[in-house]
Amino acid sequence: MLEPVMFTGGVYKHDLVIELVEDLGGYLLQKNVTQSEVILLLLVPAEDLRILEDLTKELRGELTRAPLAGTEVAVVTPTLAIHHLPHTACDIAEYLRRNGAKSNMIGLARGVGREIAQINEYETALINEHDAAVFIFGNFVKCIIKKEELYKGVNIPVVVTGGPEIPKGEMPYAFEYVSSVGRIAHRSKKANEIGNLDRIVAAVGRALDKMRADIEKDPLTTSPPRVMDVVREQVPDIERSYSPLPIALNLNGCRIKLPYDEYHDAIGNVMFDEGVMLKEIARILPSRMKNYTLVRILPESETGMVF
Amino acid sequence: MDPLEVYRVEAPGEEFGAAKYREIILDILQDLGLVRSIGRLYVYIDMERPYFAVYGLLRGSLPPLRVGDVADVVRTQEGYQIKVNEEEHLADMLRVLWEKYGRDRVEQPDRDLLTIASDVSPADLIVTDVDAEFRRDLTDALIRIAPEGFRNRRNEMTEDSFLFIASEETITPELIEEVREKIRGMENA
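Residue numbers (the numbering used here), protein chains in the order written: chain W, -15 to 291; chain D, 744 to 932.
Here chain W stands alone, though its shape is the one from the complex:
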């Protein structure tokens, strides 16, 4: 069982942490260096967490659990206009990020209004590439209920946020509804506003747990961090990707930020120690995000093996 944690500390000697995690059989998901500070997102075997804690203490760093690490969450607003951004949407996206998720902000082209709100096939498909989605709506009950049309076609769990209290029965297509957020024209800084962000993170956590439980019923042939590791090793061009996170993990695969047309063969031919090629146990697809490559690992029932 791998435990998702976040290490925050000085740049000095932080490579000791990375080395230790690799020795323990864990994975480095993301490394962010901001001037003299470094933030590492790590997956560490739960039974060895103690050792990492000791090293962190020695380096005067900080180790926190990041329950959403290794997942991608879409933060969807009706548009990218000043009415919806920056306050609510950025606060939520940033808060998800602090809890370890990779959050992507998506503004719909025509998501505004009550009667005229719509979403197109491309947007739906893009949202479906994530592990969970947060839809940010406004302050009016009738609008929030009516805007169900926007996420009806989305087949990942959708957490809806809005202002008023609405009974769950009114929104059958939402995984959960978090109230008292709505449209806000200032940054969240009061205790109750931060509390609301915590509730959103908790709801997203539950949505991801549901996804994990669904996957558990028919386990994946191999784990996404393992795919990330071999791709990093055998497709060296990934190091030249300008993206801050060249390989973004999902619960059922990963998004590799290299052009699909040029690299899908190289990625598919990546070889595991077990003598299996990636294309035999996963589908390599073009991503809806830019021209990236999407890897979806097949479950045991399709490949007949787990490693």
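Because the hints were derived from the structure by calculation, they are not lab data. Positions of the beta carbon are idealized from the N, C-alpha and C atoms, including for glycine. Among these hints, one or two may not hold up.
Stated by the list, open to error - So, partial list: chain D residues that the calculated Cβ filter (under 8 Å) puts toward chain W: (1) Glu757; (2) Tyr764; (3) Glu911.
What the hints assert, rightly or not - What the simulated footprint calls covered on chain W by chain D, stretch by stretch (three residues with Cβ under 8 Å from a Cβ of chain D suffice, anywhere in the stretch; the number is not a length): (4) 61 to 74; (5) 91 to 98; (6) 147 to 155.
Model the placement of chain D on the given structure of chain W, informed by the hints.
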């Protein structure tokens, strides 16, 4: 405490929305520094139709700013000398002076000093129309305040009041009359 004398927001069936919009409107007006120029504000939101209406009374209009208001004008041998006191208006003032006297007759020997080679006093030239600027800002604020999907808008501004209606559907004369009726009801309440 509300900085406005009277401030009412009504949204039948959407009590939460009404309370929240109260905050949003105040936040935006404060951001744009418009609160002090508005005396009373009535907001009526109908989510059944749906439409969004704001009616406000303004606190007297401001006279346009003249060169004499923001600078000291002194008669000299060659013409006039202007000592600028409020630098934020310098750019506007230069533009006006160039227009009136031509570029070659306006000189700026120092950062806050202008000289004009002319016998006509510049003291009464209008630098900026503060009132027109305020109205532009107010329109911008109203567009920001109204829910984004309400793309059909009508904005009536008079000397001392404004009425703004935004809706998803076409705004008909009957709708405008209905809004006026609702606002009158709120004023008398």
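Here is how each hint holds up against the structure:
1. A least Cβ separation of about 5 Å between D:Glu757 and chain W falls short of the 8 Å threshold, and the interface hint therefore holds.
2. Proximity of D:Tyr764 to chain W holds as hinted, the smallest CB-CB distance being about 7 Å (cut-off 8 Å).
3. Given hint, D:Glu911 at the interface with chain W, holds; its Cβ is 5 Å from that chain's nearest Cβ, closer than 8 Å.
4. Check result for the region 61 to 74 of chain W against chain D: holds, 6 residues qualifying (beta carbon to beta carbon below 8 Å, three or more required).
5. For the region 91 to 98 of chain W, the assignment as covered by chain D holds, since 3 residues bring a beta-carbon within under 8 Å of that chain's beta-carbons and 3 suffice.
6. For the region 147 to 155 of chain W, the assignment as covered by chain D holds, since 3 residues bring a beta-carbon within under 8 Å of that chain's beta-carbons and 3 suffice.
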